Amino acid sequence: MFLNKDNTSHEKKKELKLFGEKFREIEAWPGAIGEKFVDGVRYIGGACILLAQTIFWLFITPLKKKQVLDQMDKIGVNSLPIVLLTSFFTGMVLALQSAYQMQRMSAEMYIASLVSLSIVRELGPVLTALVIAGRVGAAITAELGTMRVTEQIDALEALATNPVKYLVVPRFLALVIMLPLLTVYADIMGILGGYVIGVFKLGIGSNMYWKMTYDPLVFKDIFTGLIKSLAFGIIISIVACFQGMNTEGGAEGVGKATTIAVVVSFIMIIAADCFITALFYFAFRV
Amino acid sequence: MIEIINLCKSFEDHLVLNNLNLNIKKGETMVIIGRSGCGKSVLLKHIIGIMKPDSGQVIIDGVDIAQLEQKGLNDFRMKFGMLFQGAALFDSLNIGENVGFALYEHTNLSKQDIEKRINECLAHVGLYGIEHLKPAELSGGMRKRVGLARAIAVNPEIIMYDEPTTGVDPIMGDSVNDLIISLHDKLNVTSIAVTHDMVSAYKIADRIAMLYEGKIIGVGTPDEIKNTKDPVVKQFITGAAIGPITDKKP
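If you read the protein sequences in the order shown, they are chains U and V. Residues in the first sequence are numbered consecutively from 1, following the working numbering. Residues in the second sequence are numbered consecutively from 1, following the working numbering.
Keep in mind that the hints are not guaranteed to be accurate.
Taking lysine to aspartate or glutamate and the EDC-like style, the derived pairs with C-alpha atoms no more than 16 Å apart in a straight line are [claimed, not checked]:
1. K25/V with E213/V
2. K226/V with D197/V
3. K256/U with E143/U
4. K79/V with E157/V
5. K66/U with E120/V
6. K65/U with E105/V
7. K116/V with E97/V
8. K203/V with D185/V
9. K66/U with E105/V
10. K165/U with E105/V
11. K64/U with E105/V
12. K186/V with E120/V
Everything labelled a hint here was simulated from the structure, so no lab data went into it. Here the structure is a predicted model, which means the values were calculated and not measured.
Modelling step: build the complete structure from the supplied sequences, incorporating the hints.
The structure is reproduced here in structure tokens:
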């Protein structure tokens, strides 16, 4: 038997080529991860620069009251129905779910406290922010993204108008003002939702329910809820405006930008919630 | 007087403007021609300061605008009017608010004076009486004319046109050409237009410059350009499918 040297070297070359391709694929992974990391850092840096510019223009130039009021109407007043529905049903579900366990321990009266503390500390600010991020954040990104791809933002600059001052500041201010107000509204609606279940389904006395609602609440609970909503307002406005003003690629780009804005807002809201909760309930124990 | 000196601009790895040099005289109409995607709009945006170059200078009346800070740049921009390719009207504002935008934002004129000026500008472009409509209610040609009305509202010294006849029918295109000529004659402005429409270029231009591979490769009067011996310019102006532009290896 003879070894066919040509076939062996040909197969070896093929193996080496395959090995080389596999090696390059594996080699590309750290590069891809590194690229994603750099993109993420660039995104955070760009958003922070936009925040700094927004605060600069907010305090340096006189406000256009009409523009801010228009945005407050669009962002706040028009969101009342959806915030009502979300928070009212959340309050009802909380009461129903907790009733299932509380009735076993004959502790139904504590349902009111559980609902009020959960809503005021966490669910009111967070769920409201998520709803507003999906509704308002997406709309802002779509609007500014469309303006970017149709050169309207370039036209603003050509007309000697700073786009951050004209477009971002009114939306930022409107969100920072309206989100805490919407959160208070959501807290009330959520507690009312719990009341409906507690009083009319579970038979808790109305006076007892209200007493158990406000007794455990302290100023810190309401304050941290409002601080969270302020932080969430900043996050939603800056992420939505940043994503919109950096949109590329026509209509498809606007669609992608809107999705990214909502996803990033959601992640940052949850992360900020975790951070602020740890700060106020563990770092600053009062 | 506009001087562009050794202007360079890249986007990622793609070199768009490559040591570009061009002089534009006061009061003339300069038309810049070139293939789609060659950097004509990028050049216009550098002249108005919307983009900053990687290197080089854009000197307007002795001032290098690439070095200006935001406030100085905004003051300079009040000397310009620009008609964008798609008109770039603000969708959330009506036509009157679009045309009078710079006047509302940057002047202390009374509302009546601004409205008077808006009516004058709309009349200039043949669209008197539509100030209450929204941009979405207009045709493409009407939007271009409103864009032009907005560009002239601040009495600019320099008007720039980005593909003024693209996207409109030939008759509307010729109306836009006539408007450009009429504005140039009435307002005594310096006009810079970028286009690949040679009919429009020959009609409106005092001089034509061709942009190719990031540089200006030929400048001359319409007659000089028509009779050019440069094979690249010749291929472009005749619209030939075969020639040095298309024979170039990638």
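Does the structure break any of the earlier hints, and which numbers would those be? 1 and 5
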